[in-house]
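Number of protein chains: 2
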Amino acid sequence: MELLVTYDVSTIDTEGERRLRQVAKLCEGYGLRVQKSVFEVVCTAADLLKLTDAIGRIIDDTQDSIRIYRVPKGTFGAVDTLGIAQRLPHAESLVL
Amino acid sequence: MELLVTYDVSTIDTEGERRLRQVAKLCEGYGLRVQKSVFEVVCTAADLLKLTDAIGRIIDDTQDSIRIYRVPKGTFGAVDTLGIAQRLPHAESLVL
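So the protein sequences, as listed, match chains A and B. In terms of this note's numbering, the first sequence has 87 at position 87, counting the first letter as 1, and numbering is strictly consecutive. In terms of this note's numbering, the second sequence has 39 at position 39, counting the first letter as 1, and numbering is strictly consecutive.
Since the hints were derived computationally from the structure, they do not count as laboratory data. Please read all numbers here as calculations on a predicted model, not as lab measurements. All C-beta atoms, glycine included, are put in the ideal place defined by N, C-alpha and C. Just so you know, not all the hints are guaranteed correct.
Derived BS3-like pairs: lysine-lysine, alpha-carbon spacing no greater than 30 angstroms straight-line [as the list claims (entries may be wrong)]: (1) A:Lys50 with B:Lys50; (2) A:Lys25 with B:Lys50; (3) A:Lys50 with B:Lys25.
Some chain A residues well away from chain B (every beta-carbon gap over 10 angstroms; in silico) [said to hold, decoys possible]: (4) Leu26; (5) Ala45; (6) Asp80.
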């Protein structure tokens, strides 16, 4: 399963900055950071459930926005990139 | 064709802030802004070429990062959302 995880975590206060760091750190355990708030994740359905649950425990539901897109295998390898963006090689499943 | 456009535009100077505004404004003519730097776009292959060309003219290749993921029809409608994120209704093609 390939997932694109994108997020906006409100950083108007130090609490928000802490949540942002935690979301990023969590996602780094599941996939590759391709932009500040965008991760490419290759994982199992069970991992998706764990990731979603863990993110839900971190964020502030009234301020933060998380989107998890399920995309077909091969989507990451076919991404169009401009500027400093690069296609990144994925191991089969990066979940630690 | 459904596209997920994600970007990081460097805003270390006013020039970068101008590029960021321009990229956002351009993408708003093609699709729906779902997060600060994430757009969902429903468009034709010809529109994709125009969008890519126009973005390329705005950004600084040495600082900015643009990713354009081609995703299957229905991907947007099946996105998992947490917090304030919402699934947004798409007209068939939003290109103005």
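Checklist entry - Which of the listed hints are not met by the structure? => result Of the numbered hints given earlier, those the structure breaks are 1, 2, 3 and 6, listed in rising order.
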